[in-house]
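Peer 1: Listed here are the chains, written in short residue letters.
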Amino acid sequence: MKFDNIIIGGGLSGLVAAIESQRAGKRTAIVSAGQSALHFWSGAFEFLGGSGPHPVIDNPLGEAQKLPPSHPYQKIGVKRTQQLLEKVPGILADAGIKVEGTLSRNHYRLTPLGFLKPAWLSLDDYFMIDSPDNLKDKKYSIVNIEGYIDFYPRFLAHGLLQHGAKCEVTAVDIPALAPLRKSTTEMRATNISRFLRDDAVDALARNVNAASSGADAVIMPAVLGMFSDAPVQRLRSGVDRPVYFIATTPASVPGVRCQLSLRDCFTRMGGTFMPGDTVVKGDIEGHRLRRIYTYNFGDMPLEADNFVICTGSFFGHGLIANIDRIYEPIFGLDLNVEGGRTEWYDTNFYAPQPYMAYGVVTDQEFRPSLHGETVENLYATGALLAGFNALKEGSGAGITLATALHAASRII
Amino acid sequence: MKNARKTEYDVIIIGGGATGAGTARDCAMRGLKTILIERLDFTAGATGRNHGLLHSGARYAHTDPESAAECIKENMILRKIARHCIDDTGGLFVTLPEDSLEYQDAFVKDCLKSGIPAEILDPEQAIRMEPAVNKDIIGAVKVPDASVDPFRLTTANILAARINGADIITYHEVIGFEKDGNRIVGVKVKSQRTGEEDIIRGKVTVNAAGIWGYHIAELAGVKVNMYPAKGALLIFGHRVNNMVLNRCRKPGDADILVPGDTISIIGTTSTRIPFDEIDHMDVTPGEVDLLLREGVKLSPLLATTRILRAYAGVRPLVADDKDPTGRSISRGIVCLDHAKRDGVEGFVTITGGKLMTYRLMAEEATDMVCRKLNIDRPCETAVVPLPGSEPTAEDEERRAHIIELSTEQKAAEERHGSWTGKIKATSDSDDALVCECEQVSVAEVNYAMDELHVHNLVNMRRRTRLGMGTCQGELCACRAAGLLERHDKCTERNIDDLASFMQERWHGMYPVCWGETLCEVQFTSWLYQGVLGLDPEDSKDIDPSSF
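If you read the protein sequences in the order shown, they are chains G and Z. Using my numbering, read the first sequence as starting at 54 and increasing by one per residue. Using my numbering, read the second sequence as starting at 174 and increasing by one per residue.
In short, the hints are calculated from the structure, not lab data. What you are looking at is a predicted structure, and each value in this text was computed from that prediction instead of being measured. Any given hint might turn out to be false.
[Claimed, not checked] Within a straight-line C-alpha distance of at most 20 Å, the following computed SDA-like cross-link-like pairs (lysine to any residue) qualify:
#: 1; chain 1: Z; residue 1: Lys-662; chain 2: G; residue 2: Val-222
#: 2; chain 1: G; residue 1: Lys-219; chain 2: Z; residue 2: Glu-665
#: 3; chain 1: G; residue 1: Lys-235; chain 2: Z; residue 2: Glu-665
#: 4; chain 1: Z; residue 1: Lys-662; chain 2: G; residue 2: Thr-223
#: 5; chain 1: Z; residue 1: Lys-423; chain 2: Z; residue 2: Leu-463
#: 6; chain 1: Z; residue 1: Lys-713; chain 2: G; residue 2: Pro-407
#: 7; chain 1: Z; residue 1: Lys-662; chain 2: G; residue 2: Asp-399
#: 8; chain 1: G; residue 1: Lys-235; chain 2: Z; residue 2: Glu-577
#: 9; chain 1: Z; residue 1: Lys-713; chain 2: G; residue 2: Asn-260
#: 10; chain 1: G; residue 1: Lys-235; chain 2: Z; residue 2: Ala-598
#: 11; chain 1: G; residue 1: Lys-235; chain 2: Z; residue 2: Glu-581
#: 12; chain 1: G; residue 1: Lys-235; chain 2: Z; residue 2: Gln-582
#: 13; chain 1: Z; residue 1: Lys-713; chain 2: G; residue 2: Trp-397
#: 14; chain 1: G; residue 1: Lys-219; chain 2: Z; residue 2: Ser-602
#: 15; chain 1: Z; residue 1: Lys-662; chain 2: G; residue 2: His-211
#: 16; chain 1: G; residue 1: Lys-235; chain 2: Z; residue 2: Ser-602
#: 17; chain 1: Z; residue 1: Lys-713; chain 2: G; residue 2: Arg-207
#: 18; chain 1: G; residue 1: Lys-219; chain 2: Z; residue 2: Glu-581
#: 19; chain 1: G; residue 1: Lys-235; chain 2: Z; residue 2: Thr-599
#: 20; chain 1: Z; residue 1: Lys-662; chain 2: G; residue 2: Ala-224
#: 21; chain 1: Z; residue 1: Lys-713; chain 2: G; residue 2: Val-222
#: 22; chain 1: Z; residue 1: Lys-662; chain 2: G; residue 2: Arg-207
#: 23; chain 1: Z; residue 1: Lys-662; chain 2: G; residue 2: Ala-210
#: 24; chain 1: Z; residue 1: Lys-713; chain 2: G; residue 2: Asn-401
Let's have the full structure, built from the sequences with the hints guiding it.
Peer 2: What follows is the structure, encoded as structure tokens:
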């Protein structure tokens, strides 16, 4: 099989690169092994938000200028990074995903434990504020679904209280959810979302109204709308006051929706999505990747002019560690890993972990190398790249999207 | 605590490991007014950091017949009184091509001499019984080894002590002794939480603090020649073997592989360490390499099995009082009457021994306490079942009918035995699982908070196995923190506790941080620090050994 461009990896990075490639009229295919980081999405994208006690709020683009030259934002150029990322809300909107936020100033999202954390874009129905001062004297009704234990209303209430808000904590129930409780493992976000549709949403809205009288707004767990946001809209129109959602622990319902929406957007444009398949190897000849082989297609190769590798870090299996080495499993691309296994980690769980910054080393155009020689038609993106700690920088989605859009611009 | 201050106890027991808990049970059963004081949580020391092996005694048959005879006797007793803590796996002593078969002959003779049933098997037969064993074995002997859950065993002893009237306080450190002349008449304790100090009075004090008993003895003004010996172990991500596997040779490093619950454990090493390391033990890369290298010889499957965690415990080795060089180590139980030995009245140290002989150690210590108090009551701990191991009406019914239990019901019953019925679900929501790896329900979490001295997530883990499975707390720790918060309404402390719990999990993961373990921890980091925003400023001060 022959394509113009093949994208290896079907997470946020791969989907966005593929959509842009297909949009430009290139015959594009995605080979996707399975779930991605979107499955535990917080509902917000970060560009450069810092972490923990060191948040970045006012001028994230200015902060990006201070990053080292090896950082992806600097390699692309902060100005061009900004131009690329400003396309993101439009790309998401084409797929039916509505987000709010700007690169010039971070807003805050409310984490499930009640912390305020900087974000660049948030889903438009998520809880977001410009400043903690906005919380003063606000009255929130935090409404859980009875028996749902992946949402922590009292932690949220405690967090909001720190900034002067008043909160009431309640849980509501509707008969439609009774069957879920008969099993010990079914009261999870994605299962609940399957039951919260049509009339059940109206019933839920009525109970939320009864539970939240007197509040300025309602805060609920993001357990609605796995396949479309219609149930979310229905609930919001049925509740008398604004409803804002908070991320849950995995799997993330809006994350799954986002993944599926982007995939559908890509296939609607005519792209080829190959789910549940894994690239096992490729032929690199004359500094070019000529063809790849996958688990499902066996010895039938997939050929393309350009390839983008978006396979992620360790938990995406873009990198593999065994007891004595770390490697990139498809091509054996060059990595920035130094030292043996005792060098890979810090004994403090919360400290910057060296392994987080491991990945493939690339040229200025994000083309990886094999034995020191650049592969000229292969681009790497996102968490697979070397040299930054996206968790501590608060830059995961920004790097993922910027490098994906950069790669797309080079293959179209 | 206020009660404690008013009461004068007959006996104060220092240490909440198996020995201390067993001693509290025995003293309380003999009618003594008893209090147990633990510095941290139950099983926080060596009790919670070993193989969980119910020795048949075979390991000691050749080198230490006295210990071997004690082991097989206690083995048979624990099978009766602690059946809900024991998984009767049986054990094999296998001879590898590099070991000598001559040892096997002597080994079997020694076993039989100590009263340990030992049956030589054809290697092929052994491989059929335990397919995980190295296929190259040239000899195998079947012995009545089994696995025992030290967390459950200790909790059951604590419950028994409590039922018999004992008071139990955790997170209180003994910082000094009250003396009247040369007699110890009480202990000064300090709360680990509030820093408050208090005095607890008692006629006799038993030092059952394991290796920490060295400092306790020092506080009392006596010296016990103890040496800390570190033993490191690895936990594998699933139950590789169903029978305990031992090397049939002189006892050495990493020659026992024990199945327990959902996992298997290889161990151990043995290294003398200085006293200042006993609270801060890291498993070194060298220890991990040795455990893997030797473990793979017992079962080659270990080479391709995910390693969940590494951990280490400290054995209290006690030197013979007659040997000032400290080279001659007593192997068996050491029960010291400090009145006779050092002229300090009202103070007893019970140490040496092993998890297997905890009950016998408790019996010897309690006998000594009773002699001091002029009380003459027989020990009944060998015949009275522990809470959870009593025969129940349901047992009878189950024998008469076949009742299918769900996996979560089975899991709870394995943990709590006949006391499982005390776990009450008040609604369907209470049946929901908090920890899916170990099948721990909301109701079980609530029961543990109400009844089992749970103050934090690490306590919860030790009582219920929550967070011990393949995800290492990734999905259940925040859920459980939410439930704990609902219970005690102290939000800030519960968030700090959640942060500490994740550090405690990481402490056992970083020595084996490659493969699936690295994938898991990266995911956990993104979830907790990213999505949940848990990123404490003072994280470097979290001390995983302070639980």
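Peer 1: Mind checking the alpha carbons of G/Lys-235 and Z/Thr-599 for me, to see if they're no more than 20 Å apart?
Peer 2: holds, 13 Å
Peer 1: Do the alpha carbons of Z/Lys-713 and G/Asn-401 lie within 20 Å of each other, as the hint requires?
Peer 2: holds, 6 Å
Peer 1: Does the structure keep Z/Lys-662 and G/Val-222 at a Cα separation of 20 Å or less?
Peer 2: With a Cα-Cα distance of about 13 Å, the restraint between Z/Lys-662 and G/Val-222 holds, given a limit of 20 Å.
Peer 1: Tell me if the straight-line CA distance from Z/Lys-713 to G/Val-222 falls inside 20 Å.
Peer 2: Violated - the C-alpha atoms of G/Val-222 and Z/Lys-713 are around 34 Å apart, more than 20 Å.
Peer 1: Checking one constraint from the list: CA of Z/Lys-662 to CA of G/Asp-399, max 20 Å. Satisfied?
Peer 2: The hint is violated at about 33 Å.
Peer 1: Hint check: Z/Lys-662 vs G/Thr-223, CA-CA at most 20 Å. Holds or violated?
Peer 2: Within the cut-off at roughly 15 Å; holds.
Peer 1: Regarding the pair G/Lys-219 and Z/Glu-581, is the alpha-carbon distance no greater than 20 Å?
Peer 2: violated, 39 Å
Peer 1: Given the hint that G/Lys-235 pairs with Z/Ser-602, test it: the Cα-Cα distance must not exceed 20 Å.
Peer 2: Cα-Cα ~8 Å, so holds.
Peer 1: Going straight from one Cα to the other, do Z/Lys-662 and G/Arg-207 come out at no more than 20 Å?
Peer 2: The hint holds at about 8 Å.
Peer 1: Against the 20 Å threshold, does the CA-CA distance of Z/Lys-662 and G/Ala-224 hold or violate the hint?
Peer 2: Answer holds: Z/Lys-662 to G/Ala-224 is near 17 Å, not above 20 Å.
Peer 1: Would you check the hint for Z/Lys-713 and G/Pro-407, treating anything up to 20 Å between C-alpha atoms as holding?
Peer 2: Measuring from Cα to Cα gives roughly 16 Å; hence the hint holds.
Peer 1: Keeping to a limit of 20 Å between CA atoms, is the pair of Z/Lys-713 and G/Arg-207 held or broken?
Peer 2: Roughly 27 Å between the alpha carbons, so the hint for Z/Lys-713 and G/Arg-207 is violated.
The structure fails hints 3, 7, 9, 14, 17, 18 and 21 (numbered hints given earlier, in ascending order).
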